[in-house]
Amino acid sequence: MTVRVNTNEPQLGLPAALSRAVAPEGSIAPKIYFEAVGEEEFRKKPIGSGPWKFVRSVPGDRIEFEAVTHPHWRGRPHFKNLHILQIPEESTRVAMVRTGEAAIASISPETVLSAGRGGLEVLTIPGTMQAVFQFYGAWRPSVKDDPITRPRVRQALSLAIDREQIIEHVMAGKAQMPRPFATFGFTDSLSVDRWKKWSDDAYRYDPALAKKILAEEGYPNGFVLKFANVALPGTQFMISIGTAIADMWTKIGIKVNMKHYEWGAFPPMQMGEQPNLTGWASMFRTAGRPDVPWRYNAAFAPDSTERLLGDTGDCQETCRKFLEIYKAVINERDPAKRTTLNDSMVQLIADQWIVVPIIEGMGYYAINKKKVGEFAAIPGRHELGDVFERMPHPDEKPWKN
Amino acid sequence: MRSTPWICILVIVTMVFMAVFAPLLTPYSPIDQTLRDKLLPPFWLEGGSMKYLLGTDAFGRDILSRLLYGARVSLIVATLALTAGGGVGLVIGIVAGYLGGTVESILMRLVDAAFTFPAILFALLLAVTMGQGLGTLVIAISLLLWASFARVIRGEVLALKQRDFVALAKVRGCSEPRIMLTHILPNVLSTFMVLVTLNIGVVVIAEASLSFLGAGIPPPTPSWGLMVSEGRGRIADAWWVSLIPGLAITALVLSVNVFGDWLRDRLDPRLRQL
Amino acid sequence: MSSENVLEIRDLATYFFLRRGVVKAVDGVSLSLRRGEILGLVGESGCGKSVTALSIMRLLPRSTARTVRGEVCLGGENILARSQREMREIRGRRISMILQDPQTSLNPVFSVGEQLREAIFKRTRQRKAEIMKEAVGLLRRVEIAAPDQRIGQFPHQLSGGMKQRVVGAISISGQPEVLIADEPTTALDATIQLQYLKLLKRLQSETDMAILFITHDFGVVARMCNRVAVMYAGRIVECGPVAQILERPSHPYTQALIASVPKLADATGKLTTIDGQPPSLMNLPPGCRFAPRCAHADPRCRSIYPSTFTAGVDHTADCWRLEGQ
Amino acid sequence: MSGFIARRLLQGLVVLVLVATVVFFLGRLTGNPADLMLPEDATAEDRQRLIEALGLDGSLFKQFVAFISSALKGDLGTSLRMRQPAIDVFLSRLPNTLAIIPWALLLAMVVGIPLGVVAALHRGRLLDRAAGTIAVLGIATPSFWLGIVLIFLFSVELGWLPSGRMGGPEHYVLPVITLGAFLTAGFMRLTRSSMLEVLESEYVKLARIKGLSESVVIWKHCLRNALIPVLTLWGVFVGNLITGAIVTETVFAWPGVGRLTYEAVIYRDFPLLQAIIILKAILILTINLVVDILYAYVDPRIRVN
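Chains L, C, R and Y, in that order, give the protein sequences. When we follow our numbering, the leftmost residue of the first sequence carries the number 1, and every step to the right adds one. When we follow our numbering, the leftmost residue of the second sequence carries the number 1001, and every step to the right adds one. When we follow our numbering, the leftmost residue of the third sequence carries the number 2001, and every step to the right adds one. When we follow our numbering, the leftmost residue of the fourth sequence carries the number 3001, and every step to the right adds one.
Okay, chain L solo, but in the shape it has when bound (with noise of 0.2 Å):
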């Protein structure tokens, strides 16, 4: 069975939408039974398109789910039910794995090593996010003498940060050099090769040449940082990198006044005119997703909520530059013309170090070999939905991607 999808105009993000790196987009619900029930019920007992249907939900400790019995398109599930237990403390969770209590267990790279040491097999997800920090507001004329406006000092700050470092001890190794903001190897249209080599070069750890430029930009005894520390839902060990970046930092001659949120503290400050996060570096993460155009509209585009380069009512040079080029790639049928122009996206938002991605991030699973067999995860996919219905037994052969 095929869905049609018409638009009226140029749909950039559907293909993505519709593969689900956008949650909500992405699933297929029925039509007559959703409108037959209404909102509220369909919340309760959904249906989707799915190799898993819902069975039934016990809020606040699991998720019920049965494979389904015809053969599905993504493979049918080798376990007959699925119960995805809500566990929110991390060691717990991990103690459930190894008793067997559970099979599977999404864990933090802090985790990856117990996890490893206590028996347990550790599947990675590639390409799953990307760890960065940013600048809000750093447009804004209130803060035009701020250090931080300087491209030229917001690329030492990442001179300053030893990546090898990070990916080696904070994510015990299970992550990778990042490319540029927001673009994986199985990122759409995009020269990913060059982009590769590109910022394994401007990635690098370079202190010297970071305390030379700051000193070249009259900072010589470095500056005061305000750097608001917070770490997205189900990526803790972003306050890590965020605290170890803080500490490279430091070792620059940078005083680095941070200051730590809980993530729910954080959406509201990107309201209005962002006045807590104006002349602030901040961490921030991107999920990983086959298109460029898309993530940068969001971060970018003077409507959106990040704004980052400039507002409806204030778009400099490079705000109004970025529109330009988004525009005509969203209009842009031709792939090599698409790709071109999301490269040069890319390059304007590069050079500006304005986002700087720190590390490529995976997704984590700690998983009891006496429960569930090995298997690959697809790239870029760790939601749970797409690792399970893989999830082979024990005795059976891995997963054919």
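Because the hints were derived from the structure by calculation, they are not lab data. Remember, it's a predicted structure, so these values are computed and weren't measured experimentally. C-beta atoms are modelled at their ideal positions from N, C-alpha and C, and glycine is treated no differently. Be careful, since some hints might not be right.
A short, non-exhaustive set of chain Y residues, derived as facing chain L with CB atoms under 10 Å [as the list claims (entries may be wrong)]: (1) F3061; (2) I3087; (3) S3092; (4) L3137; (5) G3147; (6) I3148; (7) S3155; (8) V3156; (9) R3165; (10) M3166; (11) W3219; (12) P3255.
Below 25 Å or equal to it, Euclidean Cα-Cα: the simulated SDA-like pairs (lysine to any residue) are [said to hold, decoys possible]: (13) K255(L) x A1159(C); (14) K1161(C) x Q2100(R); (15) K174(L) x P1027(C); (16) K259(L) x L232(L); (17) K2122(R) x L3121(Y); (18) K370(L) x D395(L); (19) K1161(C) x T2186(R); (20) K44(L) x K80(L); (21) K2198(R) x I2258(R); (22) K2122(R) x L3161(Y); (23) K3220(Y) x A1159(C); (24) K2198(R) x S2050(R); (25) K369(L) x L3161(Y); (26) K251(L) x P1027(C); (27) K369(L) x L3153(Y); (28) K31(L) x R3083(Y); (29) K371(L) x F3154(Y); (30) K45(L) x Y3267(Y); (31) K371(L) x H83(L); (32) K259(L) x S1029(C); (33) K226(L) x W198(L).
Take the given structure of chain L and dock chains C, R and Y to it, following the hints.
Showing chains C, R and Y alone in chain L's frame:
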């Protein structure tokens, strides 16, 4: 009667000393990271070295240094919270218990209110809205303490009021404040002592729990509670990260309690008779 | 005539062992309490009266206090040799006690009835109804009005005098041969005191139990007792019939004590007091313990403790001045 | 007695209003509560709509009145995350919390109080020291740490008990110990200290004079009195117990209100958090009322007159 608990006094003195002179004693800065040296065990375990006597944490920070500075933070929090919370509780307890009447019922309703407004929640709310920090923490913990102090002290005072010597003082025409000060206060001090000792534990633990819930002293500033909380996931592979500060907490609370009991025996007038 | 003695105390000594040292609260007390008499035990506070009483009851805090020597013979058998279990059988039934402070000697959380019931049940193992009947009876005997209501009430609802009556009722509920009354009236106001003393005397005559009446007030002694023993710094210094001792006390301390009692007779009401302090029970003087405060004390008094001399019929005193009289 | 309860109930209401006020103003303290009540992806339109819906454009007093009146109607807002009335979410989780709290209390009573009595009787001797040490360990161990260590030992290493989640009796053991540890220690210490006072009292002497057996003297005459200060403090502990459940339920993935609180905080579900605080206030007030009645039962000086 038990003998003077020198060991406990020693422990307490040592910790205070650690707290005061942390900058002079620590081999490293408590927040400087050496990621290469992360999770090194204490020197007596294999893999450990004299470089980091008590080993290092996940960021390669020297646990000994963090422990010393942690003593500082934890003791500051404890002192501030107990002085603020305990003091207020003591006064309110005595006044309410002794004066009785409307004063009492008003004060005691406040106390009830304080109980029914779980201080931990308050701390979480503050941490989320105002941002976490020493101030928030102390305020929250004091709010947790004063009420319980007030309530227990009041209970004691109510009992004391029946005693003849109070009546006697009244007869002798002592002013109410004077009676509270010279007759009631000395007699509730032993209870106050027990409460303080019991609550030093409460404070340190509350601080730890709040760290666990992400509303304690913001990292990287080391506090014992935060250290235990940060290392909790590594009991299996790097137990020292959380066990060492954990032991520090236990040692402190244990000492202060034993010391407090001893003090109680000393202070309790009835026990001094014989 | 020791067969007459219901309670005989021989050379009783009870010390408190504290960090600061040994307190010889009672140090060689000998007394005999005869059937049906009221024997007064007088002395300044802190001279060891109460400790003597508690040593007899064996209710001193075991952690600090120990009775180091002597005998307490109740009907000829030394109860100091008895086990605590056996002691429990003796307490309340054969020997009982009224405590000083009625305010604190009743348990605040139990009703009067309950506290009586326990005592009676311990002895009779009767059914509740009968026990309650007996309890009401006891309250009536101690002259408490409307006992049926009182029985259900709690200590804090009773006046001091009434509390003390209840305590009395509890103490005599076991019909003991010996009742120790430790300053039972000091906490009560004058008018109540008198009633209470009368009550005690009446109970005593009804049951012909012997009462060891502890007080610091010679006036009360005069009103209550047949015989009196004067205690000073842990020892009995003089003992004899009340009339005789009041008339011609032979121990200087007794004399001083009597002199200090306000006589209703003399209108001037001039009070003589004893100068000086009683000795510390932790380091007692080698000789007579009163010597330091005694007008007649000589070197011997200060060095050797006087032996007991007869001062008259059934009247003895520990003072060298009686030697060879 | 009934008057006593009535008075307590009235006071309870006063307290509730106080708590509600505090919550209300805390919400305002952080700027426009609309920002706290909107999901991350909310648009300016959503914001305006909510502001109008909640009457947040009106005066503070108007807002407060609106807040209270709707609260009285049982409407405590809607959870952002679960998109259901906060009160329903709370009530659906409450039974699970009420399923462990009594056990923790029971543990504290049957272990803490007797231990305290025994310690007092052996005052200064080995048993006292031992009990005291256990008590302090109970106080000196952060409950989340205790919980995780217990899981590590009894689930992972020994495999005797499940690591978490609600379930059969075996699921209760570790959470109840974790939650009750502090309370047990507190009861023990307090029983001990008040027991020491009572043991010296005159009425205990009188009880002995009656010739009552030691067990009656101690477990009847002493304990009943020693319990009074314990009970005053019990009221105190209940509050801590409710908040203690936040940590315990989080560690053991127990689907109760404690964990709900944690989630409300982590996901910044302000309407839910606000409701939770008020509802927990009610819960604690109710429990304290029960304690007060118990208190009155133990101490006639309060019961009668």
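Do the hints match the structure? See the list:
The criterion of a C-beta within 10 Å of any C-beta in chain L is not met by F3061(Y), whose closest approach is roughly 25 Å, and the hint is violated. Interface restraint check: I3087(Y) against chain L, minimum CB-CB distance 14 Å, threshold 10 Å, status violated. Contact between S3092(Y) and chain L, as hinted, is supported at the beta carbon level, the nearest pair being about 6 Å apart and thus within 10 Å. The beta carbon of L3137(Y) is not positioned within 10 Å of any beta carbon in chain L (closest approach about 21 Å), and the interface hint is therefore violated.
At a threshold of 10 Å, the smallest CB-CB gap from G3147(Y) to chain L is about 8 Å, leaving the interface hint in force. The beta carbon of I3148(Y) comes within 5 Å of a beta carbon in chain L, closer than 10 Å, and the hint placing it at the interface holds. A hinted interface residue such as S3155(Y) counts as satisfied when its beta carbon comes closer than 10 Å to some beta carbon of chain L; here the least separation is about 5 Å, so the hint holds. Hint status for V3156(Y) relative to chain L: holds, with the closest Cβ pair at about 5 Å, below 10 Å.
The beta carbon of R3165(Y) comes within 6 Å of a beta carbon in chain L, closer than 10 Å, and the hint placing it at the interface holds. About 7 Å separates the beta-carbon of M3166(Y) from the nearest beta-carbon of chain L, less than 10 Å, and the hint is met. For W3219(Y), the suggested interface contact is broken, since its CB lies about 41 Å from the closest CB of chain L, more than 10 Å. Below 10 Å, beta-carbon pairs count as interface contacts, and P3255(Y) has one with chain L at about 3 Å; its hint therefore holds.
Between the alpha carbons of K255(L) and A1159(C) the distance comes to roughly 58 Å, so the proposed pair goes past 25 Å and is violated. As the CA atoms of K1161(C) and Q2100(R) are separated by approximately 20 Å, the hinted pair is consistent with the 25 Å bound. About 32 Å separates the Cα atoms of K174(L) and P1027(C), which puts this hinted pair outside 25 Å; it is violated. Distance check on the hinted pair: K259(L) and L232(L) sit about 15 Å apart at the alpha-carbon level, within 25 Å; holds.
Of the supplied pair hints, the one linking K2122(R) and L3121(Y) holds, its CA atoms being roughly 24 Å apart against a limit of 25 Å. Straight-line distance between C-alpha atoms of K370(L) and D395(L) comes to about 9 Å, which keeps the hinted pair within the 25 Å bound. For the suggested pair K1161(C) and T2186(R), the alpha carbons sit about 21 Å apart, so the restraint of at most 25 Å is met. Between the alpha carbons of K44(L) and K80(L) the distance comes to roughly 22 Å, so the proposed pair stays at or under 25 Å and holds.
In summary, the hint linking K2198(R) to I2258(R) is supported, as the alpha carbons are separated by about 22 Å, within the 25 Å threshold. Straight-line distance between C-alpha atoms of K2122(R) and L3161(Y) comes to about 49 Å, which puts the hinted pair past the 25 Å bound. For the suggested pair K3220(Y) and A1159(C), the alpha carbons sit about 20 Å apart, so the restraint of at most 25 Å is met. For the given pair, K2198(R) sits about 22 Å from S2050(R) by alpha-carbon distance, which is consistent with the 25 Å threshold.
Note on K369(L) and L3161(Y): the hinted pairing holds, with a Cα-Cα distance of about 21 Å set against a maximum of 25 Å. The straight-line distance between the Cα atoms of K251(L) and P1027(C) is roughly 18 Å, inside the 25 Å bound, and the hint therefore holds. Between K369(L) and L3153(Y) the alpha-carbon distance is near 21 Å, which keeps this suggested pair within the 25 Å criterion. Proposed proximity of K31(L) and R3083(Y) is supported: the alpha carbons are some 22 Å apart, at most 25 Å.
For the hint pairing K371(L) with F3154(Y), the CA-to-CA distance comes to about 21 Å; that is within 25 Å, so the pair holds. A hinted pair counts as satisfied when its Cα atoms are at most 25 Å apart, and K45(L) with Y3267(Y) qualifies at roughly 23 Å. Distance hint between K371(L) and H83(L) is fulfilled; the C-alpha atoms sit about 14 Å from each other, no more than 25 Å. Restraint check for K259(L) and S1029(C): the C-alpha separation of about 19 Å stays at or below 25 Å, so the hint holds.
Our distance criterion of 25 Å between C-alpha atoms is broken by K226(L) and W198(L), whose separation comes to about 29 Å.
When the structure is compared with the earlier hints, violations turn up for hints 1, 2, 4, 11, 13, 15, 22 and 33 and for no others.
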